[in-house]
Amino acid sequence: MANGSILELTGVGRRYNEIGRELVILDSANFSLGKGEMVALVAPSGAGKSTLLHTAGLLERPDSGDVLLDGRSCGSLSDDERTAIRRNDIGFVYQFHHLLPEFSALENVMMPQLIRGMKPGVASERAQQLLDYMKVGARASHRPSELSGGEQQRVAIARAVANAPLVLLADEPTGNLDPVTSSYVFEALEALVRQSGLSAMIATHNFELARRMDRRVTLKDGKITNL
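Here the sequence shown stands for residues 2 to 228, numbered as in our numbering.
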């Protein structure tokens with residue numbers, strides 16, 4: 002493992018068959034995310050950003066190579082083991098918030114903690130603290146449909162870090178928002194990452210946001226390279 006890295010991809014290959022031809026998305030790709038580092042993944046649509054994030058986040062298995070999280074090889078783990086790691090050690094934020102519509106903002110942030118086995122009172126207190134930190138604490142009792150797009154995404158970020166993961170992976174987390182709201186949501190996300198010491202890889206088309214991160218990488222010919 003690279004010195005001080007929390008997430009590492011070593012020789013990762015990922016390919017799909019499409020109408021009789023093979024699409025190579027990742028080709029012996031290597032990547033290392035340092036502890037407390039915030040990396041922007043900048044690449045055009047169709048380059049494989051989502052595939053990379055899904056493979057790094059153990060949602061997809063690599064066809065070759067390995068994914069290491071905090072030094073632990075995850076390539077050959079069982080589905081149950083991978084699920085447990087995703088639940089406890091990896092946070093995901095998507096372009097669409099994917100909040101559960103029938104639950105309040107507070108309950109949405111409590112949910113991953115309850116699934117992990119945390120007592121409801123403790124989960125509720127932490128959920129409220131996270132919502133306060135993301136500046137949506139006053140909206141805790143509101144359902145997603147009663148929240149603005151920026152509020153929904155800030156709740157989704159709070160939910161992603163509810164179990165204090167080691168790594169946060171975000172796929173265009175501000176892609177559906179207007180520029181002003183996008184900047185506001187990213188500022189909240191950045192503050193949370195910096196304050197908590199999280200490691201984060203964030204896919205974005207927004208070069209202005211990308212420049213605010215520690216490092217920028219792209220996908221080209223199946224390889225991950227620095228920009």
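It should be emphasised that the hints constitute simulated quantities derived from the structure, not laboratory data. Among these hints, one or two may not hold up.
[Claimed, not checked] Here are the simulated SDA-like pairs of lysine to any residue, each with C-alpha atoms no more than 25 Å apart in a straight line: (1) K36 x F104; (2) K36 x D179; (3) K136 x S146; (4) K221 x T52; (5) K136 x A211; (6) K224 x A85; (7) K36 x E19; (8) K221 x A85; (9) K224 x Y17.
[Claimed, not checked] Cβ-Cβ distance ranges computed for the label pairs, FRET-style: (10) E82 x A165: 33 to 41 Å; (11) R217 x L115: 34 to 42 Å; (12) I116 x G37: 36 to 44 Å; (13) S29 x G198: 24 to 32 Å; (14) V25 x P102: 32 to 40 Å; (15) D179 x R144: 38 to 46 Å; (16) L115 x E191: 39 to 47 Å; (17) T226 x L101: 17 to 25 Å; (18) R212 x E23: 20 to 28 Å.
Here a beta-carbon is modelled for each residue, glycine too, at the ideal position from N, C-alpha and C.
Each hint, compared with the structure:
no. : hint                    : in the structure
1   : K36 x F104              : violated, 33 Å
2   : K36 x D179              : violated, 31 Å
3   : K136 x S146             : holds, 18 Å
4   : K221 x T52              : holds, 13 Å
5   : K136 x A211             : holds, 23 Å
6   : K224 x A85              : violated, 29 Å
7   : K36 x E19               : violated, 37 Å
8   : K221 x A85              : violated, 32 Å
9   : K224 x Y17              : holds, 16 Å
10  : E82 x A165: 33 to 41 Å  : violated, 19 Å
11  : R217 x L115: 34 to 42 Å : holds, 37 Å
12  : I116 x G37: 36 to 44 Å  : violated, 27 Å
13  : S29 x G198: 24 to 32 Å  : holds, 31 Å
14  : V25 x P102: 32 to 40 Å  : holds, 38 Å
15  : D179 x R144: 38 to 46 Å : violated, 22 Å
16  : L115 x E191: 39 to 47 Å : violated, 28 Å
17  : T226 x L101: 17 to 25 Å : violated, 38 Å
18  : R212 x E23: 20 to 28 Å  : violated, 35 Å
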